[in-house]
Amino acid sequence: MISPVIDTSLVWQEHFREKVADAKNRLSSLNYPTVRDEEWKYTPLRTLTSKKTVSVEEAFVSFPQPTPDVRPHLLLGLDAHLLVWHNGKFCPELSRILDLPEGVIAGSVLEVANQKSAIAQLAGRLIKTDESAFTVRNTAFIQEGFGLHIEKGVTLNKPIMLLYLFDNHEVALEANFRNLIRLEKNAKASIIEKWVVSGTAPVIVPMSEISLGHQANLEHLSLQTDLADSCSVSLSRIEQEQDSIYLNDTLSWSGQLVRNNLETVHLGSNCQTFYNGLYLADSDCIIDNHTLVDHAVPHCESNETYKGIVSGTGKAVFNGKVMVRKDAQKTNAYQSNNTLLLGEQALVYAKPQLEIYADDVKCSHGATVGQVDGQELFYLRARGISEPEARKLLLLAFAGEIIDKVSFEQLRASLFDSLSVRLSQLS
Amino acid sequence: MLTINGLKARIEEKEILKGINLQINSGEVHAIMGPNGSGKSTLSSVIAGKEGYEITEGEVIFNGKEMLDLAPEERAAEGIFLAFQYPVEIPGVSNTNFLKTAINEQRKYRGEAPVEATAFLKMMREKAEIVGLKPELMKRSVNQGFSGGEKKRNEIFQLAMLNPQLAILDETDSGLDIDALRAVADGVNQLRTKENAFLVITHYQRLLDYIIPDFVHVLYDGKIIRSGDKSLALELEEKGYDWVIQESLIA
Numbered sequence: 000m001i002s003p004v005i006d007t008s009l010v011w012q013e014h015f016r017e018k019v020a021d022a023k024n025r026l027s028s029l030n031y032p033t034v035r036d037e038e039w040k041y042t043p044l045r046t047l048t049s050k051k052t053v054s055v056e057e058a059f060v061s062f063p064q065p066t067p068d069v070r071p072h073l074l075l076g077l078d079a080h081l082l083v084w085h086n087g088k089f090c091p092e093l094s095r096i097l098d099l100p101e102g103v104i105a106g107s108v109l110e111v112a113n114q115k116s117a118i119a120q121l122a123g124r125l126i127k128t129d130e131s132a133f134t135v136r137n138t139a140f141i142q143e144g145f146g147l148h149i150e151k152g153v154t155l156n157k158p159i160m161l162l163y164l165f166d167n168h169e170v171a172l173e174a175n176f177r178n179l180i181r182l183e184k185n186a187k188a189s190i191i192e193k194w195v196v197s198g199t200a201p202v203i204v205p206m207s208e209i210s211l212g213h214q215a216n217l218e219h220l221s222l223q224t225d226l227a228d229s230c231s232v233s234l235s236r237i238e239q240e241q242d243s244i245y246l247n248d249t250l251s252w253s254g255q256l257v258r259n260n261l262e263t264v265h266l267g268s269n270c271q272t273f274y275n276g277l278y279l280a281d282s283d284c285i286i287d288n289h290t291l292v293d294h295a296v297p298h299c300e301s302n303e304t305y306k307g308i309v310s311g312t313g314k315a316v317f318n319g320k321v322m323v324r325k326d327a328q329k330t331n332a333y334q335s336n337n338t339l340l341l342g343e344q345a346l347v348y349a350k351p352q353l354e355i356y357a358d359d360v361k362c363s364h365g366a367t368v369g370q371v372d373g374q375e376l377f378y379l380r381a382r383g384i385s386e387p388e389a390r391k392l393l394l395l396a397f398a399g400e401i402i403d404k405v406s407f408e409q410l411r412a413s414l415f416d417s418l419s420v421r422l423s424q425l426s
Numbered sequence: 000m001l002t003i004n005g006l007k008a009r010i011e012e013k014e015i016l017k018g019i020n021l022q023i024n025s026g027e028v029h030a031i032m033g034p035n036g037s038g039k040s041t042l043s044s045v046i047a048g049k050e051g052y053e054i055t056e057g058e059v060i061f062n063g064k065e066m067l068d069l070a071p072e073e074r075a076a077e078g079i080f081l082a083f084q085y086p087v088e089i090p091g092v093s094n095t096n097f098l099k100t101a102i103n104e105q106r107k108y109r110g111e112a113p114v115e116a117t118a119f120l121k122m123m124r125e126k127a128e129i130v131g132l133k134p135e136l137m138k139r140s141v142n143q144g145f146s147g148g149e150k151k152r153n154e155i156f157q158l159a160m161l162n163p164q165l166a167i168l169d170e171t172d173s174g175l176d177i178d179a180l181r182a183v184a185d186g187v188n189q190l191r192t193k194e195n196a197f198l199v200i201t202h203y204q205r206l207l208d209y210i211i212p213d214f215v216h217v218l219y220d221g222k223i224i225r226s227g228d229k230s231l232a233l234e235l236e237e238k239g240y241d242w243v244i245q246e247s248l249i250a
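Heads up: the protein sequence lines correspond to chains P and X, in order. Using numbering that gives the first Met the number 0, read the first sequence as starting at 0 and increasing by one per residue. Using numbering that gives the first Met the number 0, read the second sequence as starting at 0 and increasing by one per residue.
Just chain P, same shape as in the assembly:
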């Protein structure tokens, strides 16, 4: 639900005033992680920290913001609710969220938190202020983001698309988002996030705190396909109660520096967690996926597949941690990570990290790093397919496996098309 006037003086402020004030106090003495930090060993943040950025608030005071056309960025074949952030600011006039079922509150995080204390209380519960320089800044500038609350037993009638548009040419923005999502018992929803950058490359820091109740089901697609030269550092933390399902698909094939942290913890048994990721990195880009599934209780399942293609001077990092705690007996956890390197300078750091403290579990992982198969290539060429076309066919087949797993079936065809375009641009 949307109202053009946002009153920020209610529950939200009450609840969060101290946290924001505390974070603001810390701003002056922030230290960004360096490569000496194990978690950031392969991802230097120079590109990000050397940028002179302006906060969204400042930018809005200083510059006019003409209304953009959102139509080119909508997804073909998808009937969805639409929420738009323009240069970091929620934009009610571009958003379309008209026919929500009863029991669903969705909109700007401020509004939703004001209406629903469960959402206000989620802020800062899964992501603590002092975890890193990023969490401090994200807390200090916690104005923007997406809020969703779904009551017990309610299914969202259609997916919600969150569109983050950046077309500001005057300054490099630093845009922080805090998404707060709570699905009560047996509630179902699906969300698609898409970032589209056409102006001066911003620094984007989206953080999500997601809480899934008993038997809740959330499909979550993240499209980092049009980031241009942006830096994006995201953190999503999910808690799952008993019998809930969380599916995450992350497609990252743009951006100068992209770091995703995706972390799920199981609070009750019979949870299912699925992660599918695809990363394409070329020309000095870094795409870094750090994932965690924390099997803290027995009888849960996780299945993770990440694939990537790195060409030119691109670099990719995959660190997939699966924690199986002492009590988490009968855990089923699978992970696979495959990367193709297309050039002599292309790099991938692949680190499957399984820490298993229970003894009655089924866990497996596999990581491969390779090149386009010479036999396959010759077979295609011997049938008359030119070398570039044959390579493209093989790369598309390799990466297409992830598109085939995307839970939004109606989007697969158009995702294939844009993947194919992207593959032909690989430098």
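There may be inaccurate statements among the hints.
Straight line, CA to CA, 30 Å or less: simulated DSS-like cross-link-like pairs of lysine-lysine [what the hints assert, rightly or not]:
no. : chain 1 : residue 1 : chain 2 : residue 2
1   : P       : K391      : X       : K121
2   : X       : K64       : P       : K391
3   : X       : K107      : P       : K391
4   : X       : K138      : P       : K391
5   : X       : K121      : X       : K193
6   : P       : K391      : X       : K222
7   : X       : K99       : P       : K391
8   : P       : K404      : P       : K157
9   : P       : K151      : P       : K193
10  : X       : K150      : P       : K404
11  : X       : K133      : P       : K391
12  : P       : K127      : P       : K187
13  : P       : K391      : X       : K49
14  : P       : K404      : X       : K138
15  : P       : K404      : X       : K99
16  : P       : K404      : X       : K133
Calculated from the structure, these hints are not laboratory results.
Got chain P; can you put chain X on it based on the hints?
Chain X alone, transformed into the frame defined by chain P:
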């Protein structure tokens, strides 16, 4: 159609082909036989343009053009087809998409318009029947999960779809039971015309009971040491290779 003159090729320091001469005309079926390691598969790979071989001497002229200067895909579009001894599995690329791309790439090379979708599907159905390939295999990834026989049938199916002037069958009979062998040979026989030619590379005479050759050549130690008609194949089956090798050494 195809003229090979004094062809020598090696892998790293090892010379494998030591001067091959071969003339194939339209409408002919040639068989190349020989013991293991004689260079049979190298010859087919070199004609098709596989990387990893160094050509030290000789020429491979196809319809007046030197093939050794062309990329594998160009040779294919010129009309040379290699049926692989070990067809490659390509996960994620459907048979249909693969063949459509191949046909259209060849047509593009020859300056022709892409094939119509309906005409293509009709052709798929017709040609699949020739080799008895199950229609459901078309939607599957190329050769993935195919049995040995299905893979070889798929090679002949591709041959039928691409309709080349010269088809090289590299040990197409290996690993086939008698039914699959018959199906493959029937397919080949249906595709024979006055305009095309076949080069059948085989270890055993068995396949030549079904695909009757006009010429039989014995390849040994990188050279063709004897040529004859189909009776040579029968003689080899009966007496083995040793006598031909002995005679060639004496000569």
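Outcome of the hint check:
1. P:K391 to X:K121: Roughly 27 Å between the alpha carbons, so the hint for K391 of chain P and K121 of chain X holds.
2. X:K64 to P:K391: 29 Å, holds
3. X:K107 to P:K391: With Cα atoms ~17 Å apart, K107 of chain X and K391 of chain P stay inside 30 Å; holds.
4. X:K138 to P:K391: 19 Å, holds
5. X:K121 to X:K193: Roughly 25 Å between the alpha carbons, so the hint for K121 of chain X and K193 of chain X holds.
6. P:K391 to X:K222: Between K391 of chain P and K222 of chain X the Cα gap is close to 39 Å, so the pair fails against 30 Å, i.e. violated.
7. X:K99 to P:K391: Distance of about 15 Å is within 30 Å: holds.
8. P:K404 to P:K157: 19 Å, holds
9. P:K151 to P:K193: It holds: about 28 Å lies between the C-alpha atoms, which stays within 30 Å.
10. X:K150 to P:K404: 28 Å, holds
11. X:K133 to P:K391: 28 Å, holds
12. P:K127 to P:K187: Satisfied, since the Cα-Cα distance of roughly 27 Å is no more than 30 Å.
13. P:K391 to X:K49: Distance ~19 Å between K391 of chain P and K49 of chain X Cα, so the pair holds.
14. P:K404 to X:K138: Measuring from Cα to Cα gives roughly 18 Å; hence the hint holds.
15. P:K404 to X:K99: Between K404 of chain P and K99 of chain X the Cα gap is close to 25 Å, so the pair holds against 30 Å.
16. P:K404 to X:K133: Between K404 of chain P and K133 of chain X the Cα gap is close to 27 Å, so the pair holds against 30 Å.
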